[in-house]
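As given, the protein sequences belong to chains D and H, one line each in that order.
Heads up: the first sequence begins at 12 in the working numbering, then just goes up one per residue.
Heads up: the second sequence begins at 3 in the working numbering, then just goes up one per residue.
Everything labelled a hint here was simulated from the structure, so no lab data went into it.
Among these hints, one or two may not hold up.
[To be verified] One-sided excerpt, in silico: chain H residues whose CB lies under 7 Å from chain D:
#1 32
#2 54
#3 57
None of these values were measured; they are calculated from a predicted model.
Glycine included, every Cβ here is placed at the ideal spot set by N, Cα and C.
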Amino acid sequence: MADKLKLALYWAASCGGCEIAVLDIDEKILKVAELADIYLWPVALDFKYKDVEALADGFLDVCLFNGAIRNSEQREIAELLRRKSKVMVAFGACACYGGIPSLANQFDRDQIFGRVYFDTPSTVNPGKVLPQTSYRVPEGELHLPTFYNAVYKLDDAVKVDYYLPGCPPPPSLIWTAVEAIVSGNLPPPGSVIAEEKAVCHFCTKRKDEKTVTAFRRVHEFIPDPEKCLLEQGIICSGPVTRGGCGERCLSANMPCRGCFGPTPEAIEQGANMLGAVATMVEGKDEQALAKALETVVDPLGTFYRFTLADSFLRLRNRSLTAREAERAGAAPAPKEVAS
Amino acid sequence: MSGKDTFEPRIVAFLCNWCSYTAADLAGIARLKYPGNVRIIRVMCSGRVAPGFILKAFHEGADGVLVGGCHPGDCHYLEGNYKTLKRKLVMDRLLDQFGIEKDRFRLEWISGAEGEKLARVANEMTERVRRLGPLGRTRERLARADALELRNEGGAASG
Ligand code: SF4
Ligand code: SF4
Ligand code: FES
């Protein structure tokens, strides 16, 4: 390709792991530098948003956007980068499905703020100060982004062309994606850049079609590395999770956590996982079964670890009601700011 | 939105072909009254009701979901209803984590001869869900809430 690839990388509600994953492609990063001009990459380079605003619409070839949408700044930058980019890639589980940050959707803003700013044992906040979206100082008015009541995946905010899942995406897939983009050899828009089959399909552990009497967690015993973890009573999301990661967790004898999101045919990753896990338990007596299945601790957090923002129910009832109250005009009661 | 007294809940009932659906037929023949709020979906076995069906039903507008199967030991496919029971035991806890009230999801064993039980369960469930009011976890309602935050519609404060 004659011209260098024009690239932007951005992080929204994420842990920073996706940024490290980009650097993890090792010496190939130099090749990326050779192939691409980078126009925004907050973790590594000092560009300002206004530099991006100054670009013509559609100027950038690709934006690799990691992280979920938690506040209005992230939404605005997502919209800006969408305008400026020909191809928008949801990079990593958080951008694709909400990821770990969207587990916060079990709580609304008031609950989260209350916990963080008032209730944690290490908090000292006698003036009950909460972050405000605007605050007057002698020099003028200061603005902070709005913290949303829920965490969203990237495609709730803008149109996404490709999904590169993983927590974080593995270097091999990142490189596959970069090469496909550079060569213009792209899959159909909307594609998930990974395998079609489940992690189990690629996993080399032995499956004996065994049932279990209860589940145990990874810190409770060391499982046989040769045998299927699920059949040893460790909850493994391999049956319902899209493959393509290189079975990273399994080769460390750890269960799949589900970071590649649902397989193409899954109704929903969490629901399918619930079915796969519950029916592993043997027995017919309701009381005994109930007891055995209590060893599935935190079903929501386990089955929706990376996909709560992409699920049918998505929120606890409370957070939905809170947002509707705001819609009805009862904006969140202005909290006092100590000056 | 209508008040709780006039609210007509929508209840999706997945009934297995060999027992519970037959019971519904029987209830019809015997002219037993049960409310039209209950919309029946016939499945071959209660074991066919994947957990995703239940969640999707709520997502598409159901205020309650009923699953009916053959009594333990009577499943036409031998063990289908035990599978259903296992999933139900975890589903109860999942729904609780989602903030969905217990009475909105129910599993009942109803044999082909129990038309009267089918009618009673349908009546009971309709009344309990009516008292709870609309679940309102539909895709439309979620989309409205999203638009409020993400697109600043509805006059919400923004940063
Ligand atoms: S459940 Fe987990 S350990 Fe078992 S085969 Fe699938 S990926 Fe491998
Ligand atoms: S094994 Fe599962 S959790 Fe681990 S990297 Fe692969 S998809 Fe992600
Ligand atoms: S056929 Fe009725 S529950 Fe299986």
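To see whether the hints hold, each was checked on the structure:
Contact between residue 32 of chain H and chain D, as hinted, is not supported at the beta carbon level, the nearest pair being about 30 Å apart and thus beyond 7 Å. Interface restraint check: residue 54 of chain H against chain D, minimum CB-CB distance 3 Å, threshold 7 Å, status holds. Using the Cβ-Cβ criterion of 7 Å, the hint placing residue 57 of chain H at the interface with chain D is satisfied: the shortest such distance is roughly 4 Å.
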